[in-house]
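Since chain Y is already given, all that's left is putting chain P on it; use the hints.
Taken in order, these protein sequences are the chains called Y and P. All residue numbers for the first sequence refer to our numbering, where the first residue is 1 and numbers rise by one. All residue numbers for the second sequence refer to our numbering, where the first residue is 1 and numbers rise by one.
Incorrect hints may have been included.
Stated by the list, open to error - Here are the computed lysine-lysine pairs in the DSSO-like style, where the Cα-Cα straight-line distance is at most 30 Å:
no.: 1; chain 1: Y; residue 1: K47; chain 2: P; residue 2: K156
no.: 2; chain 1: P; residue 1: K156; chain 2: Y; residue 2: K52
no.: 3; chain 1: Y; residue 1: K47; chain 2: P; residue 2: K83
no.: 4; chain 1: P; residue 1: K156; chain 2: P; residue 2: K83
no.: 5; chain 1: P; residue 1: K156; chain 2: P; residue 2: K114
no.: 6; chain 1: P; residue 1: K83; chain 2: P; residue 2: K106
As the list claims (entries may be wrong) - Incomplete in silico selection of chain Y near chain P, CB under 8 Å:
no.: 7; residue: G31
no.: 8; residue: A32
no.: 9; residue: T62
no.: 10; residue: I64
no.: 11; residue: V65
no.: 12; residue: I66
no.: 13; residue: L70
no.: 14; residue: E208
no.: 15; residue: E242
no.: 16; residue: T246
no.: 17; residue: R318
no.: 18; residue: L320
Please keep in mind that the hints were generated in silico from the structure rather than gathered at the bench. Glycine residues also receive a C-beta, built at the ideal position from the N, C-alpha and C atoms.
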Amino acid sequence: MMKGVELSTLGLVAVLAVILMLAVITAVFIGAVSIPFTEVIQILVYKILGVKLGDFASIPPTHIVIVWELYAPRALLGVIVGVALALAGVVMQAMVQNPLADPYILGISSGASLGATFAFLMGAGALGGMVAELGVSFWAFIGALGASFAVFTLSAMGGKMTTTRLILSGTIIASICGAFSNLIVYLAPSDSGIKSLTFWMMGSLSTEGFDGLIIPGIILIVCLLFFFTQMRPLNAMLMGDEVATTLGVDLSTLRKVYMVLTAVLIAVMVSNCGMIGFVGLVIPHIARALVGTNHWKLMPVACLLGGAFLVVADIVARSLTTSEIPIGIITAIVGTPVFAYIMIKKSYGFGSRD
Amino acid sequence: MSFGKNQIIAIAAVAVIIVAAASIFFIGGGEEPSTYDEGDIVITTNVQDKGEITQVFKEAPERIVAGNNTVLEMLLYFGLGDKIVAAYYDEDEIWDQEPVKSEYKKLIDRLDPKYHSSGLLSQAVITEVQPDLIMGYKSSFGEGKWAVGSTEYWNKMGCNVWSLNTQAGKATVEGMAQDYADFGLVFDIKDKTDSFMSKYNAALDKASNSGIVTGILEYRGAENGFSAYGDKAFIGQELLACGGVNKFASGGTVGLDVFVDSTDMEALVLIAFGSNGSPDEVAELIKSNPNYQYIPAVKNGKILAIGLSETYGGVRALTTIEGMVALLD
Chain Y
1 MMKGVELSTL GLVAVLAVIL MLAVITAVFI GAVSIPFTEV IQILVYKILG
51 VKLGDFASIP PTHIVIVWEL YAPRALLGVI VGVALALAGV VMQAMVQNPL
101 ADPYILGISS GASLGATFAF LMGAGALGGM VAELGVSFWA FIGALGASFA
151 VFTLSAMGGK MTTTRLILSG TIIASICGAF SNLIVYLAPS DSGIKSLTFW
201 MMGSLSTEGF DGLIIPGIIL IVCLLFFFTQ MRPLNAMLMG DEVATTLGVD
251 LSTLRKVYMV LTAVLIAVMV SNCGMIGFVG LVIPHIARAL VGTNHWKLMP
301 VACLLGGAFL VVADIVARSL TTSEIPIGII TAIVGTPVFA YIMIKKSYGF
351 GSRD
Chain P
1 MSFGKNQIIA IAAVAVIIVA AASIFFIGGG EEPSTYDEGD IVITTNVQDK
51 GEITQVFKEA PERIVAGNNT VLEMLLYFGL GDKIVAAYYD EDEIWDQEPV
101 KSEYKKLIDR LDPKYHSSGL LSQAVITEVQ PDLIMGYKSS FGEGKWAVGS
151 TEYWNKMGCN VWSLNTQAGK ATVEGMAQDY ADFGLVFDIK DKTDSFMSKY
201 NAALDKASNS GIVTGILEYR GAENGFSAYG DKAFIGQELL ACGGVNKFAS
251 GGTVGLDVFV DSTDMEALVL IAFGSNGSPD EVAELIKSNP NYQYIPAVKN
301 GKILAIGLSE TYGGVRALTT IEGMVALLD
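Bound-form chain P, shown alone:
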């Protein structure tokens, strides 16, 4: 068999175009219009495979799958623990505040270990529990291959999907407020969620708007320096709302040399995660290092040490904002 060069190029180009076009056709996106009746609750959420979509709740969900610690703690905090039928990405220490702590213990005692994982649960396992709502990261609702299933699949199964604003691209205080407003409507607990947001806003109102230069840094170990949380992160937005100035507004990596040279950093929000130690341990590490004594925040002890879970818009945001207001006072 022999081909001319032009024929080869033509064959290859046609093959590519056909396959690519077919792939686009089959993968495709775009939201299909939802139908809803008066009295239904409609929320907007952002998911990996469909982008921004609406989900319609005709009644409060009764079989919920919690897809990360933030969501899990929200459900437990607001007394919805008995509706949880499965939990995945439960990878952080649960909040040690009540009622979350005791509700979590009840959940663990009740839940079959097959439906509880610090990693991802398979789509088949989650299908088995017949959820009517899955709340997880935006990336949980992808093409089913590296997530818990596509949005289309779950909606066809009569299950809504929901990724909180603060975990899906609207990581702002307003986004968080919308999350709690939606949460209150969907679960018919508006009084509880309004009360929570009132406490949060009351704490925020006490901010002195001092304009203190503050770093928000996650400690990554002596070899790796820090990872900075910029203005686009939720906790960066909280800092702005308190009137602070983010020293590392665009985020990124902060080497130990840059950290040492931060002689204008008057306050530090220090985030501990993983094997680097607890927040208190990491704070002690920083405070006891003589190289860091030129940094005003370290020298004057103006450090707020928190865990990673405190940086999201879950129920821990209440204690985080209180701590941040006190730090910037």
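Only chain Y is shown next, with the shape it has when bound in the complex:
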């Protein structure tokens, strides 16, 4: 937030909601294929309300497919993933009281990468049977969750689970998963598989139809509903373990619950979209710079900002060339200077607002 300027949080939320809506609408008609805005409106009205506006018959059928099967679901997926990453980032940073925490510190990213590496290069088909038919998403999900479980278990062994042990355990599991991923790449017979894996590692919101949004959407709604009831404990966590305990917050239990939910949330997102970095790390900081560290304000602002940011980044990613730029590149290129600007222009502490 700029010096001397107070923003009403409600006003900011309203502005961000409008920006998000505009971003979603824009995402439906901007892409590598140019489709006139009026055609997009006609298609959406027809598909949602069953009403044919104007000269509907003259719309190329491929445009109908592209808008309804590709661009519209993709825009909504961008909202879902952006909100999820930002939400997870806010929760993780409060939980571990570390401004460098992001949704991937629980070993999720490394586990998902290992699962995807296995699926792409060794081939899920190598195992035969029904398992052979399971896609990359399934193996990435299993890898993500498996790594998270390993982190939880490791951090709780030999003592109480603290934030330091959690972060160290995440580092250990990430190293092990990375080593096995590299081993698979080394042994891989398939150069084209390596290419596919590389694109996966850089993230993509590409999707077909609305079916693929159901699971991520449901998981996100469940997590949003839950975490919006946890504002007080999250605020207390930021004040430190001793203060939080004094305020009656059951840190140990709540951390476990938060970690499980966050791990499932991010595992589902990563398995659907690959690795989209930077959003979960930086969006909470940008939101914090706007409204401070009170989670009552921080969480809705961060969620809206995350959704809007990712949708806009995806518009850029698929509009610049006919072969899409991986979205992880765009989020880093766009977000880093913004983050640096905020850090330079506004001084703020992680635990307080000046």
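For chain P alone, coordinates are given in the frame of chain Y:
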């Protein structure tokens, strides 16, 4: 709010099971039965998301998307260039033999640059050209996220998908023969594809079956050594068909020390790719290195230097097999 530990474990376990089960349900695989009539051409292919499937051709495709250099060159070689509406992964130098060379020039002059890429084209762009056939790597037909779209999507759009045997797990001479047989049937050019395979088999028949120990190595630069092509690679299968013995039958990385120590390697198929130089340049690099003079293949100049595109089952396989037969003679 407070939870007992057992409750937490139960909640987490139920959540995982539900999500995982739902994911399996939605992702799912397995081929749906195809319906076809008498006179239809049915081919079997292997794709990333569905495994082995059949694709039915009621008539020869007229709007083809070529998804790599091998497929592109096949289409151009057999006079199907005018049916190409888009091309992606066109990342290697096009074959400099006719008719491929001149047909490629015609294609480049005709094709809108928006539909031609050395990388991947987006699913939306390919949808726009309304293809009725996409031929690409097995991994091209995945879940739509890091490929050009799922098999289900393209079939729903009235477009068949096809990954050649030699690019989808059946990298054998028999697999290649099946590819050309299918190609001939699908495009109704059986006489041309049969003629091609006759020339290939005639070249193969001239192999002396000498049992010469041969290395098939891709040069990766002075720091990285070589990458060996084993018996599972198509070119490894070609070597076996010629009666050669693959020194590095299981593939993998070959360090410079192992290469220097290959004093039993009497012939070398040297593959050049990327920034390491052309085949001739890489061959010259190897021949001029005094450290490698203990290797009989290098000392006696029994080196076949080829590009990466020559190692696949495309039309370049004809010149590759001729070169290999001569090398092992």
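**OP:** List in ascending order the numbers of the hints, as given earlier, that are violated by the structure.
**Re:** 3, 10, 15, 16 and 18
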